[in-house]
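Protein sequence lines correspond, in order, to chains A, B, C, D and E.
For the first sequence, the numbering used here begins at 1 and goes up steadily by one.
For the second sequence, the numbering used here begins at 1 and goes up steadily by one.
For the third sequence, the numbering used here begins at 1 and goes up steadily by one.
For the fourth sequence, the numbering used here begins at 1 and goes up steadily by one.
For the fifth sequence, the numbering used here begins at 1 and goes up steadily by one.
Please keep in mind that the hints were generated in silico from the structure rather than gathered at the bench.
Keep in mind that the hints are not guaranteed to be accurate.
BS3-like, lysine-lysine: derived pairs with alpha carbons at most 27 Å apart [to be verified]:
| hint | chain 1 | residue 1 | chain 2 | residue 2 |
| --- | --- | --- | --- | --- |
| 1 | B | 201 | B | 18 |
| 2 | E | 168 | D | 168 |
| 3 | B | 122 | C | 122 |
What follows is a set of in silico ranges between Cβ atoms, one per label pair, in the way DEER data are often shown [as the list claims (entries may be wrong)]:
| hint | chain 1 | residue 1 | chain 2 | residue 2 | range |
| --- | --- | --- | --- | --- | --- |
| 4 | C | 84 | A | 76 | 52 to 62 Å |
| 5 | C | 49 | D | 115 | 53 to 63 Å |
| 6 | E | 113 | D | 13 | 25 to 35 Å |
| 7 | C | 134 | D | 52 | 39 to 49 Å |
| 8 | A | 218 | C | 49 | 49 to 59 Å |
| 9 | D | 114 | E | 177 | 40 to 50 Å |
| 10 | D | 109 | B | 81 | 53 to 63 Å |
| 11 | D | 13 | C | 49 | 48 to 58 Å |
No residue lacks a Cβ here, since even glycine has one placed at the ideal position from N, Cα and C.
One letter stands for each residue in the lines below.
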Amino acid sequence: GEGRLTVFAAASMKNAMDEIAAGYEAETGNVVDVSLAGSSALARQIQQGAPADIFISANTDWMDRLEAEGLINADSRFDLLGNAIVLVAAKGAAPVDIGPDMDLAARLNGGRLAMALVEAVPAGIYGKASLEALGQWDSVAPMVAQADNVRAALALVAVGAAPMGIVYASDAVAEPRVDVVGTFPADSHPPIVYPAAKLSSSDNPLDAGFLAYLRGAEARAAFERQGFAVLAQE
Amino acid sequence: MTGWLPPEAWSAVALSLKVSLWATLCSLPLGVFTAYALARWRFPGRGLVNGLVHLPLILPPVVTGYILLLSMGPQGPLGGPLAQIGVVFAFRWTGAALAAGIMAFPLMVRAIRLSIEAVDPKLEQAAATLGAPRLWVFASVTLPMILPGVIAGAILAFAKAMGEFGATITFVSNIPGQTQTLPSAIYAFLQVPGGEAAAVKLVLVSVAVAMGALLLSEVIGRRVARRVAGI
Amino acid sequence: MTGWLPPEAWSAVALSLKVSLWATLCSLPLGVFTAYALARWRFPGRGLVNGLVHLPLILPPVVTGYILLLSMGPQGPLGGPLAQIGVVFAFRWTGAALAAGIMAFPLMVRAIRLSIEAVDPKLEQAAATLGAPRLWVFASVTLPMILPGVIAGAILAFAKAMGEFGATITFVSNIPGQTQTLPSAIYAFLQVPGGEAAAVKLVLVSVAVAMGALLLSEVIGRRVARRVAGI
Amino acid sequence: MTVSVRLQHSFGGFGLDVAFEAPAGITVLFGRSGSGKTTIINAVAGLLTPDAGRIAIDGWVMLDTEARVALPVHRRRLGYIFQDARLFPHLSVRQNLLFGQFFAPKSAPRADMGRVVEMLGIGPLLARRPAMLSGGERQRVAIGRALLAAPRLILADEPLAALDEARKAEILPYFERLRDEVSVPILYVSHAPAEVARLATTVVALEGGRVTGQGPAMQILGDPNLMPTGVRDAGALLQAVVVRHHDDGLSELSAGGVPLFVPRVPHPTGASLRLRIAASEVILSRARPEGLSALNILPGVVEAIREGEGPGAMVSLDTPAGRVLARLTRRSVTAMDLRVGVACHAIVKTVAIAPENVS
Amino acid sequence: MTVSVRLQHSFGGFGLDVAFEAPAGITVLFGRSGSGKTTIINAVAGLLTPDAGRIAIDGWVMLDTEARVALPVHRRRLGYIFQDARLFPHLSVRQNLLFGQFFAPKSAPRADMGRVVEMLGIGPLLARRPAMLSGGERQRVAIGRALLAAPRLILADEPLAALDEARKAEILPYFERLRDEVSVPILYVSHAPAEVARLATTVVALEGGRVTGQGPAMQILGDPNLMPTGVRDAGALLQAVVVRHHDDGLSELSAGGVPLFVPRVPHPTGASLRLRIAASEVILSRARPEGLSALNILPGVVEAIREGEGPGAMVSLDTPAGRVLARLTRRSVTAMDLRVGVACHAIVKTVAIAPENVS
Ligand SMILES: Nc1ncnc2c1ncn2[C@@H]1O[C@H](COP(=O)(O)OP(=O)(O)OP(=O)(O)O)[C@@H](O)[C@H]1O
Ligand SMILES: Nc1ncnc2c1ncn2[C@@H]1O[C@H](COP(=O)(O)OP(=O)(O)OP(=O)(O)O)[C@@H](O)[C@H]1O
Ligand code: MOO
Ligand SMILES: [Mg+2]
Ligand SMILES: [Mg+2]
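Bound-form chain A, shown alone:
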């Protein structure tokens, strides 16, 4: 076929989505346009009638909001990916035993802890939740430097502006200037879920096929290469 499909996906999925789109195009001959931006920007655009067919959000809040407003096809919704949040530090840093006993504030040694916006951006929200669960938040909070997205937080660590940061495992995977020094327990924060769904306004016949492809083996391989946990079953 030579159909066309528009996918709104969280910007952090760019590398994986590039691979998947290419694979899908090669397999089916259909073209996929992937618009990458912050989940909130995409969700608002959908609220305003954006001509997208499929939305993949980096968190459940915005997807829930769209579902409540009837903007997505609830039946098509599924949890596509999971992720972990990790503590990163400059290359060669000693591992940290993440738990209630670690004294993160001391480890920072006056430096900053880079995170995404802790009230607004999913990775930041998860990170804050974990630190709270581990009883670290109050001591660390004054040292947190909040970036507008995860990548910016990672960059702060990569360029040495901050000694440590909290980012997604998927972000840390390919940054040569940092090491993952610990992974936050999955139960210390709400589940990190990237839900995908078809928009109610879309009558694109390719939707179902693409959603299926996302669950497929090739997509799984691509996501895993980028450090995501794939939740969706084929």
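Use these hints to put chains B, C, D and E with the ligands onto chain A, whose structure you have.
Chains B, C, D and E with the ligands in isolation, oriented as in the chain A frame:
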């Protein structure tokens, strides 16, 4: 050459050029008109108009983008009716041009306004005494005399449009080939591991284009100024 | 009044005012100098300087932020040595001011440059014949004459600084009370479902401040212009 | 065609209240700085809307504040010649000249471009830009531009004031030609007596926003009471006819039968021209003087003597050539025993009749 | 103090090559437009660096291209009075006046503010801004500003050209006072003969970038060959002494024993002053004329007669008062049989000696 950057990046470059060019050309007449009104007319609400024109300079670009999305989107109070008559901005390159044009508008108006304020109204009066109606006076006397300022304003606006990101991505998203401009592409590359190299290349392209435009504006501006002065 | 907005929001307003004010005041001397050099001197590399000054206007703000982070961050080639002498920008409100100042710089320079180009060099020559050394000529003749332009440029820069977001958050992040400016706060509110109401309030505050500054600039500019002309 | 003007207007400290008629030819508005000349011209042009007034050319009303008629500037069909030329710098001389032609009604008697260019001697300049012209050339082009707009009225506000003497001398003949060859009335502002004497058909003398005298040039300029710029600039106008051109570079004129010698004028024999004799340059003698280098001696009878505040006195002499004014010291008046009715001679140096004063 | 100037410079089509000395008093650079006057002044001021030359005041070298000395403008200790005043619009008159004082060396003979203000009559203006001044007042402040900079040399480039006659008359006396009361040499550019006659101590006549004559004013201005603006402007300078002030508003002067009457001058009896008698205003008579209104008659002997191209001739008359020039027609020269050595009388109208020419 094409291997230096991925093809989508080139298409972002091409789209940005198209978007910036149209943004500049289409806002130019309105920019000249607004600048003229602000420079020459005293009317109630002049301060307000001046403020409105400057608004995109003052607001965080994302806010401007949201305002555009809310008003000009398919469901917006302006976007809906406009769509009925076939004018669609949302999620089209035209919308990217609209966003870029609005963000660049204050810069354009400032430059043109200053050049209008430098035109001696006596020459316009002279044209009127010779029988020229107001519009004709503008077209045959004022406009040629402010041409250097108009060119400077237009090219500055073009350069600014080439760099516009926040309002654009918020209003028309980041759809490759349709609304993915150079800055959006740079943003996307910066969002993932390993994208920096490509991002740097795109930044270089963007700087080269904008610098070229600026240099051009200084050269053309000086040449036209000399031509207008009749030297 | 305080109940209308959460206290952190008010502290963001206060911080933004402080950051913008300092950004404007500190960049003003350099802005005047750069504008003077571009307007009056012919030197090799003039085109390059002009381009550099315009760069923040042209680049996506995030890129400017990254460049700042790379060069002025604690490990950066400039930031490191500066830190040694006690000048730290990273994660400080001073860094926010630096970012805002750089982003606003091209606007400031443009406005001042135009007013310098309008000063008759003959008056400066007259001052020189009376024995005034070059710097004194500048301080006692040129500067007072361009004051309206300087004020316009400064207030435009202030307004722009109030709205600066991308470069600031990329360079100094968002630390409530230290680097959380108004636009960062607005951005944060816009990221979560339901944050619109608070965002709108902050946008209104931001617009009110910037509009007030603009109006002020028109009024002061006109008054100072009249004073300078001695009317 | 006659322009009739009635205007009332007040600025803070200044009130204008004038009414005058400007027939064909050049009507000079004459008065010192601040007397309201420019204000009148601007009201006629439509660049200023007066508090009250009426301006019409023959029956065609351009302004009537009572009838609430006020044609906009571009409908008034004017040719305004500004002091500073105001050529369009971005247009060539040719384009400047043609600027007004687009707007002239098809039916208007159209000045011929060729003839105007010829008359003003600007043929070789057509392709140039105004920046490439001398001050005098620029002013000539401005005259041409005004003429070619097919105006029903020409306005000129001190069109020569910005020029030095040499340039003035270059332009004056063109205004004379305008006066003599073009039927459009011309309102001309000046405060230079020599210019007025040379150009004016009609003079409207202004002082402090009021008309202090109006009428034919000869009459107004010969009346020292009306000359607003003071007796120092007074002078008489004489009408003369060219009798002969002599080989030694002089032209012989006859003014009422009195022979007068002036440096060669270009006019043909029989042509009529005007001479201005400044009162300050006339010497009187009771006896007919002999053996003087001055060639021009006009016999006459003292008509009036007016003494001023200073050491001077103004003597009007009735001569066959017309009235001649002479400014003397009171001492001389006494010494020569000058009284009304006494016969005496006015001595004028040949070369004292400068070319600007021959018209 | 004497300024010595030697300059060579070439612009595209124009070459300047001059050398002259300017002693104390006013040295007027006199020449028609384009003769290089401004170029010289600018080189002296340091606003233009000439191809070659040397400029020094007494031994103090400001420029010596061979020795590679070129003081920057602000070190030259000048008082430059510009044609257009160039007051600082944002400063009050007082601040304008004081501008240069900061930079004058402590040791410099400091002009007294009070005296300068007094001399220029600008006391009531001190608090005003330049925009609130008339053209004449502005120029007076400019003079004061230049003086108060404690200059070693004053430059004035046509400081009166932008003013109308009334304003000129208002300013000229201040330059005379400068000349007479201040010891600083003044380089003064002008192309108005009356101004030159009135002010110049020394005249440097320029033509096409060359000095065609230099020397004391009397000598240069009395020499029609040197007058670059042509014979029409020629005139003689006479030195006279005030004898008496008469009740009828006239002052009686004596020039070499010849009585001359002029409108009341402000100078006290016994004061010495200069008169200019324009050649075009002199009438000659072989016999001593009787019964004329003109009060001033100078007896003399014809010294030389030069005929020009036109109908005119210039006659030099040697009189007890000094050399007087008269411009006549050739016809008169023939009719009166004037030849070198012939005795005759120069007749000058009292009022023709206008106040500007009495100094
Ligand atoms: N816009 C204005 N506001 C207030 N007063 C004005 C205005 N224009 C002119 N005047 C005053 O009106 C009077 C007449 O001015 P006008 O320009 O008509 O004089 P003028 O005869 O043309 O003088 P000049 O020969 O100097 O050009 C002057 O006293 C002037 O100060
Ligand atoms: N910067 C320049 N470049 C080329 N030619 C110049 C320049 N400045 C002056 N000239 C020429 O040098 C000549 C002398 O000019 P200058 O200004 O010294 O004359 P001036 O005697 O002051 O004349 P004016 O009385 O008109 O002021 C003129 O022919 C002029 O065109
Ligand atoms: O999908 Mo994002 O980039 O963490 O908002
Ligand atoms: Mg006037
Ligand atoms: Mg000059």
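Review point. What are the numbers of the hints the structure violates, in ascending order?
Key: Hints 7 and 9 are the ones this structure does not satisfy, whereas the remaining hints hold.
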